[in-house]
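Taken in order, these protein sequences are the chains called A and B.
Per my numbering, the very first residue in the first sequence carries number 1; after that it's consecutive.
Per my numbering, the very first residue in the second sequence carries number 1; after that it's consecutive.
One or more of the hints may lead you astray.
The list cannot tell twin chains apart, which means a pair is met if one copy fits it or any two copies do.
Derived pair list, reagent style DSS-like, types lysine-lysine, alpha-carbon separation capped at 25 Å [claimed, not checked]:
| id | residue 1 | residue 2 |
| --- | --- | --- |
| 1 | Lys280 | Lys248 |
| 2 | Lys248 | Lys296 |
| 3 | Lys257 | Lys296 |
| 4 | Lys296 | Lys190 |
| 5 | Lys280 | Lys106 |
| 6 | Lys77 | Lys106 |
| 7 | Lys114 | Lys190 |
| 8 | Lys190 | Lys248 |
| 9 | Lys197 | Lys296 |
| 10 | Lys106 | Lys140 |
| 11 | Lys82 | Lys140 |
| 12 | Lys190 | Lys77 |
| 13 | Lys257 | Lys203 |
| 14 | Lys197 | Lys248 |
| 15 | Lys197 | Lys84 |
Worth flagging that the hints you see were computed from the coordinates, not collected in a lab.
Number of protein chains: 2
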Amino acid sequence: MPLLVVGSVALDSIQTPTAYRDRVLGGSAVFFSYAASYFAPVRLVGVVGEDWPAEHTQLLQGRNIDTAGLHVVAGGKTFFWKGKYLPNMNDRETLEVELNVFGDFKPVLPDHFKRSDYVFLANGSPVTQMNTLEQVRGPKLVVADTMDLWIRVQHEALIELLNRVDGLVLNDSEARLLTGEENVVTAGRKVLGMGPKFVVVKKGEHGAVFFSAHETYTLPAYPTERVIDPTGAGDSFAGGMMGYLAHKNSFDPRVLKEAMAYGILVASFNVEDFSLERMKQIDRSDLDLRMEQYRKMLSF
Amino acid sequence: MPLLVVGSVALDSIQTPTAYRDRVLGGSAVFFSYAASYFAPVRLVGVVGEDWPAEHTQLLQGRNIDTAGLHVVAGGKTFFWKGKYLPNMNDRETLEVELNVFGDFKPVLPDHFKRSDYVFLANGSPVTQMNTLEQVRGPKLVVADTMDLWIRVQHEALIELLNRVDGLVLNDSEARLLTGEENVVTAGRKVLGMGPKFVVVKKGEHGAVFFSAHETYTLPAYPTERVIDPTGAGDSFAGGMMGYLAHKNSFDPRVLKEAMAYGILVASFNVEDFSLERMKQIDRSDLDLRMEQYRKMLSF
Numbered sequence: 001m002p003l004l005v006v007g008s009v010a011l012d013s014i015q016t017p018t019a020y021r022d023r024v025l026g027g028s029a030v031f032f033s034y035a036a037s038y039f040a041p042v043r044l045v046g047v048v049g050e051d052w053p054a055e056h057t058q059l060l061q062g063r064n065i066d067t068a069g070l071h072v073v074a075g076g077k078t079f080f081w082k083g084k085y086l087p088n089m090n091d092r093e094t095l096e097v098e099l100n101v102f103g104d105f106k107p108v109l110p111d112h113f114k115r116s117d118y119v120f121l122a123n124g125s126p127v128t129q130m131n132t133l134e135q136v137r138g139p140k141l142v143v144a145d146t147m148d149l150w151i152r153v154q155h156e157a158l159i160e161l162l163n164r165v166d167g168l169v170l171n172d173s174e175a176r177l178l179t180g181e182e183n184v185v186t187a188g189r190k191v192l193g194m195g196p197k198f199v200v201v202k203k204g205e206h207g208a209v210f211f212s213a214h215e216t217y218t219l220p221a222y223p224t225e226r227v228i229d230p231t232g233a234g235d236s237f238a239g240g241m242m243g244y245l246a247h248k249n250s251f252d253p254r255v256l257k258e259a260m261a262y263g264i265l266v267a268s269f270n271v272e273d274f275s276l277e278r279m280k281q282i283d284r285s286d287l288d289l290r291m292e293q294y295r296k297m298l299s300f
Numbered sequence: 001m002p003l004l005v006v007g008s009v010a011l012d013s014i015q016t017p018t019a020y021r022d023r024v025l026g027g028s029a030v031f032f033s034y035a036a037s038y039f040a041p042v043r044l045v046g047v048v049g050e051d052w053p054a055e056h057t058q059l060l061q062g063r064n065i066d067t068a069g070l071h072v073v074a075g076g077k078t079f080f081w082k083g084k085y086l087p088n089m090n091d092r093e094t095l096e097v098e099l100n101v102f103g104d105f106k107p108v109l110p111d112h113f114k115r116s117d118y119v120f121l122a123n124g125s126p127v128t129q130m131n132t133l134e135q136v137r138g139p140k141l142v143v144a145d146t147m148d149l150w151i152r153v154q155h156e157a158l159i160e161l162l163n164r165v166d167g168l169v170l171n172d173s174e175a176r177l178l179t180g181e182e183n184v185v186t187a188g189r190k191v192l193g194m195g196p197k198f199v200v201v202k203k204g205e206h207g208a209v210f211f212s213a214h215e216t217y218t219l220p221a222y223p224t225e226r227v228i229d230p231t232g233a234g235d236s237f238a239g240g241m242m243g244y245l246a247h248k249n250s251f252d253p254r255v256l257k258e259a260m261a262y263g264i265l266v267a268s269f270n271v272e273d274f275s276l277e278r279m280k281q282i283d284r285s286d287l288d289l290r291m292e293q294y295r296k297m298l299s300f
């Protein structure tokens with residue numbers, strides 16, 4: 001089943017304690033699409049400027065990602081983010097943000113994208129997410145991401161959105177901010193009460209927690225020493241998860257848990273290098289091999 | 001197999017965001033012993049003062065914990081700790097510490113304790129831990145805990161101890177402090193290189209990571225909303241783990257993983273109330289029921 005994603009497409013400059021990369025390929029929809037492409041065809045909706053290197057589009061197209069929805073604004077500049085990771089590789093500081101063409105982004109779905117069964121509203125304003133959703137006809141499963149900025153400045157629109165989506169994916173700090181609850185289990189359940197049928201709280205290097213009316217479970221991250229650049233970990237997690245659901249064309253509880261595990265594993269590869277570099281080196285068989293190790297790790 | 005533990009026996013005053021308890025039963029050896037007692041007979045070595053309520057000793061004795069090694073110092077006062085948990089229930093501040101009789105603690109093992117197959121050196125100075133170890137004849141498995149204070153002020157003695165124990169249990173922050181490594185996997189492996197055959201890095205609400213020459217794995221915490229008092233979580237984790245190993249009289253890789261899971265589950269009960277209150281309400285069948293849920297949570 002094709003999977004539609006709408007979100008940011010960006011150029012990132014990234015400083016880690018040991019290295020620097022200037023204006024590399026990034027953005028929530030990019031990490032998501034690439035991660036999902038191991039499992040299912042992807043339809044990408046986003047916006048870039050004239051400075052966008054054509055080779056980035058070609059890279060995505062080479063992965064069965066339909067870029068018909070990637071709008072290039074003549075005379076515009078691509079969304080730019082510059083960040084710096086602290087020595088713990090979890091906390092980061094934003095050094096520069098230029099929204100550029102992403103600031104005025106009003107997604108318009110190409111006609112052949114409008115009937116998409118699986119939809120992911122990657123990080124963006126809830127108003128934009130809702131506008132996108134209204135262009136989709138009869139989706140089977142809609143999942144959204146959000147972030148602290150929207151929780152703070154577009155709270156009402158976000159609450160409205162939560163009543164329209166099937167699932168929400170967010171960080172633990174965002175779940176706390178949204179609910180005012182410190183305990184992550186309490187927070188997750190409270191988000192569930194805001195409308196979605198399921199909620200996934202991402203805990204970075206500590207894995208993720210799943211909440212539905214009938215289930216609460218934690219899956220740990222895959223333990224890795226090689227954390228080169230955590231940028232896009234959450235988006236590649238969501239991409240792996242949604243890609244697997246679209247591939248299986250199911251979101252029953254068993255498939256959802258497998259999908260979450262695949263998301264964790266795609267993310268564990270993604271952090272092993274800058275931008276998409278590590279993901280470019282692997283294929284589905286590498287994920288399945290790591291899945292075998294992950295299952296073994298969790299069985300006793 | 002009987003399990004020997006040497007460590008602190010304390011009275012704790014605990015302030016949480018919502019409640020306060022004054023001078024309740026605590027201490028590393030106490031939490032450990034009670035947690036281990038679900039699985040195996042325990043031999044407790046520690047020291048208290050005249051202010052120690054006899055009912056605490058009776059409570060422990062009622063759980064098949066041999067208190068022959070609990071020395072009462074006439075005219076002395078029991079180790080006292082007063083702490084305050086921050087709203088996140090993970091970080092805490094120490095408000096008062098009175099080492100009292102624990103400050104001069106030189107453990108002397110009763111004769112019938114000296115041949116103990118399973119030994120846990122709970123939190124204490126590495127010099128004291130070593131002195132204790134030297135009194136034990138031919139143990140099968142020796143595991144130690146440590147803490148930031150000893151890493152800082154008795155570094156050499158700790159390094160020496162690490163070459164004498166089979167296993168080490170420590171917090172993630174302590175593993176970072178001991179090794180200078182930020183990545184918990186790198187840190188854990190580096191601790192392993194210091195001598196122990198296995199290392200368990202405790203991550204509080206995020207579970208624990210196991211390291212041996214052949215294995216690295218993470219087990220998540222059992223997700224719970226009911227976190228009333230985290231005091232003793234690490235000690236009850238270690239108690240559950242070591243109790244299970246002593247019960248099975250084995251520490252092969254499969255048993256070690258089961259033991260770690262039991263440790264996680266005993267700790268998940270322990271945090272559900274102050275002091276030993278929650279542990280007093282449960283028995284082995286409650287642990288086994290939660291184990292069923294935990295196994296189900298981790299299988300897909």
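Hint by hint, here is what the structure shows:
1. Taking identical chains as interchangeable, the C-alpha atoms of Lys280 and Lys248 lie at most 25 Å apart only when both belong to the same chain, with a minimum of 23 Å there against 46 Å between chains.
2. Proximity of Lys248 and Lys296 under a CA criterion of 25 Å is satisfied in both settings, with 23 Å inside one chain copy and 22 Å between copies.
3. In this assembly of identical chains, the alpha carbons of Lys257 and Lys296 lie at most 25 Å apart whether taken from the same copy (16 Å) or from different copies (11 Å).
4. When the C-alpha separation of Lys296 and Lys190 is checked against a cutoff of 25 Å, the pair qualifies only between copies, where the shortest distance is 23 Å, while the shortest distance within a copy is 32 Å.
5. Taking the shortest alpha-carbon separations for Lys280 and Lys106, neither the intra-copy value of 30 Å nor the inter-copy value of 59 Å comes in at or below 25 Å.
6. Taking CA atoms no more than 25 Å apart as the test, Lys77 paired with Lys106 passes inside one copy only; the shortest distance there is 16 Å, against 71 Å between copies.
7. In this assembly of identical chains, the alpha carbons of Lys114 and Lys190 never lie at most 25 Å apart, being 32 Å within a copy and 53 Å across copies at closest.
8. In the homo-oligomer, the alpha carbons of Lys190 and Lys248 never lie at most 25 Å apart, since the shortest distance is 29 Å inside one protomer and 41 Å across protomers.
9. In the homo-oligomer, the alpha carbons of Lys197 and Lys296 lie at most 25 Å apart only across protomers (21 Å), although the nearest pairing inside one protomer, at 30 Å, exceeds that limit.
10. Proximity of Lys106 to Lys140 under the C-alpha cut-off of 25 Å is restricted to the intra-copy arrangement: shortest distance 23 Å within a copy versus 68 Å between copies.
11. Proximity of Lys82 and Lys140 under a CA criterion of 25 Å is satisfied in neither setting, with 36 Å inside one chain copy and 54 Å between copies.
12. With identical chains, the CA atoms of Lys190 and Lys77 are never at most 25 Å apart, being 39 Å at best within one copy and 46 Å at best between copies.
13. With identical chains, the CA atoms of Lys257 and Lys203 are at most 25 Å apart both within one copy (16 Å) and between copies (23 Å).
14. Taking the closest pair of Cα atoms, Lys197 and Lys248 come within 25 Å of each other only inside a single copy of the chain (19 Å); across copies the shortest separation is 43 Å, beyond that limit.
15. Taking identical chains as interchangeable, the C-alpha atoms of Lys197 and Lys84 are never at most 25 Å apart, the minima being 35 Å within one chain and 37 Å between chains.
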